[in-house]
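Colleague: First to last, the sequence lines map onto chains A and B. The letter at position 121 of the first sequence is residue 121 when you use our numbering, and the numbering goes up by one with no holes. The letter at position 33 of the second sequence is residue 33 when you use our numbering, and the numbering goes up by one with no holes.
Note that these hints are calculated values from the structure, not bench results. Think of the CB as a built atom: it goes at the ideal place given N, C-alpha and C, for glycine as much as any other residue. Watch out, some of these pointers could steer you wrong.
[Claimed, not checked] Distance windows between CB atoms, simulated:
1) B/LYS165 / A/LYS57: 43 to 51 Å
2) A/PRO56 / B/GLU88: 45 to 53 Å
3) A/GLU95 / B/ASN7: 49 to 57 Å
[To be verified] Listed below are the simulated SDA-like cross-link pairs for lysine to any residue, each with C-alpha atoms no more than 20 Å apart in a straight line:
4) B/LYS135 / A/LEU84
5) A/LYS15 / B/SER120
6) B/LYS180 / A/LEU84
7) B/LYS165 / A/LEU32
8) A/LYS15 / B/LYS180
9) A/LYS69 / A/GLN43
10) B/LYS135 / A/SER108
11) B/LYS166 / A/TYR101
12) B/LYS146 / A/LYS15
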Amino acid sequence: MKNILFIEDEAVMQKAVSEFLGANGYRVISALDGELGVNLARQNPPDLILLDIILPKKSGFDVLEDLKKDEKTKSIPIIVLTNLSQMSDVSKMMEMGITTYLVKSEQSLQNIANIVEQTLGGEK
Amino acid sequence: MKRFFKNFFDQINVIGQCRKYNLPLRQCPQFLFLVMGNVNVVAMITAYFVGIRYDSDPEKLMLVVISLATAIFIISFIIVRSFEQLAEANRLKTEFVNIVSHQIRSPLTNLKWIVEILTSGILGNAEKKQTEYFKILKENLERMQKLVSELLTVSRIEATKLILKKENFFLQNIANDLVKEFEPISKSSNVKIKTDFADKTPQVNGDPFQVLQVLENLLYNAVRYIGFASGDIARGKEPGEVLVKIYGKGRFVFCEVIDNGIGIPKEDQKYIFQKFFRADNVRRYQTGGSGLGLYIAKNIIDHSGGKIGFTSCQGKGTTFWFKLPAATNKKM
Chain A
1 MKNILFIEDE
11 AVMQKAVSEF
21 LGANGYRVIS
31 ALDGELGVNL
41 ARQNPPDLIL
51 LDIILPKKSG
61 FDVLEDLKKD
71 EKTKSIPIIV
81 LTNLSQMSDV
91 SKMMEMGITT
101 YLVKSEQSLQ
111 NIANIVEQTL
121 GGEK
Chain B
1 MKRFFKNFFD
11 QINVIGQCRK
21 YNLPLRQCPQ
31 FLFLVMGNVN
41 VVAMITAYFV
51 GIRYDSDPEK
61 LMLVVISLAT
71 AIFIISFIIV
81 RSFEQLAEAN
91 RLKTEFVNIV
101 SHQIRSPLTN
111 LKWIVEILTS
121 GILGNAEKKQ
131 TEYFKILKEN
141 LERMQKLVSE
151 LLTVSRIEAT
161 KLILKKENFF
171 LQNIANDLVK
181 EFEPISKSSN
191 VKIKTDFADK
201 TPQVNGDPFQ
211 VLQVLENLLY
221 NAVRYIGFAS
231 GDIARGKEPG
241 EVLVKIYGKG
251 RFVFCEVIDN
261 GIGIPKEDQK
271 YIFQKFFRAD
281 NVRRYQTGGS
291 GLGLYIAKNI
301 IDHSGGKIGF
311 TSCQGKGTTF
321 WFKLPAATNK
331 KM
């Protein structure tokens, strides 16, 4: 079973995404702040990371920087899931090496699950 | 003392103040104050030379010049302060809309996703009545999200932060996909959507996501405001018609959305692209709708180097059109 680390401070979103992806055959590990997210990723590297940008303790940008510097985590595919949709934010994240950038309010859970499946090469 | 000088230099930094209020130079309060200052100096000199011709008494002359200068200074100060307050209120309003729209997005997304889980079947199948109400909940959430999205776009337009990610693409492809997406809505509105794409129409240069928004808005209006015409003109159960035409002409690619709907009253036509405007004949039948769609569409097309317009006859129908710069020689 593929492991997905979901770094998101909104508890309801954590619950919804975990429930939906769980029903689609993934194991979802939750982190409610950036610092915890980085620690969990280092301790037990997941198969994919879903990352919000506005986070307590450490922002999504800083989390991304830390993950990309670390040998253990630098090649984990990262999907940014956020409500920030300004082109400057998108470009910045793409340059930092994320797989894709999704604006939460424009996505359904099914879309997110499809993109996760595509990113993991159809494996669950 | 340091803060005093900082505030003083901030106030006289005309370019900085223009940027803060996002205004052109000629509307910037500080620039206007400088202009009025110069007008005051010119008025004083003129008053002196005119006054000296009629009365050489220096005391009287001084009194006249100083009184005139003081009056002009007070009036210009009042006018400029009013401008500054208006500019500040406008800036705060834009910032407020931006912040609130962002904050509302999260709880709306939460609700949308929870409803998706409830209707997905992963928690067990809901009863028929429950499914019906979940559907209503989902539709209204989508309505709210659309409104929030539009408000955010409007605030970006006003802050001149609307950034277009331009590329070359075929408008016909976007139109085709959109017409397919509209099948359920057009069916339930008893409207037939047809397409007419000319051969060898070149690609356009623009932001495909933004142009999709424009076309979606025009098509949605065309379909929505046809339904009422069948009742008004008593055509019975004949379906309404919407035609989407795309063709190249000169250096541009044109797109027309033609409907045989209720049309736009002549007296409302000059306001149609204004923010929050909705024509009377539309509001009578449907109270929903933000009145922002066409304002946003016009800004997107203008920013893309194109133009948007319409022709309409009340009771007969409307043609909305827009043109975008053609791209390379790649033709479909």
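Colleague: Going back to the hint list, which numbers does this structure go against?
Modeller: 1, 2, 3, 4, 6, 7, 8, 12
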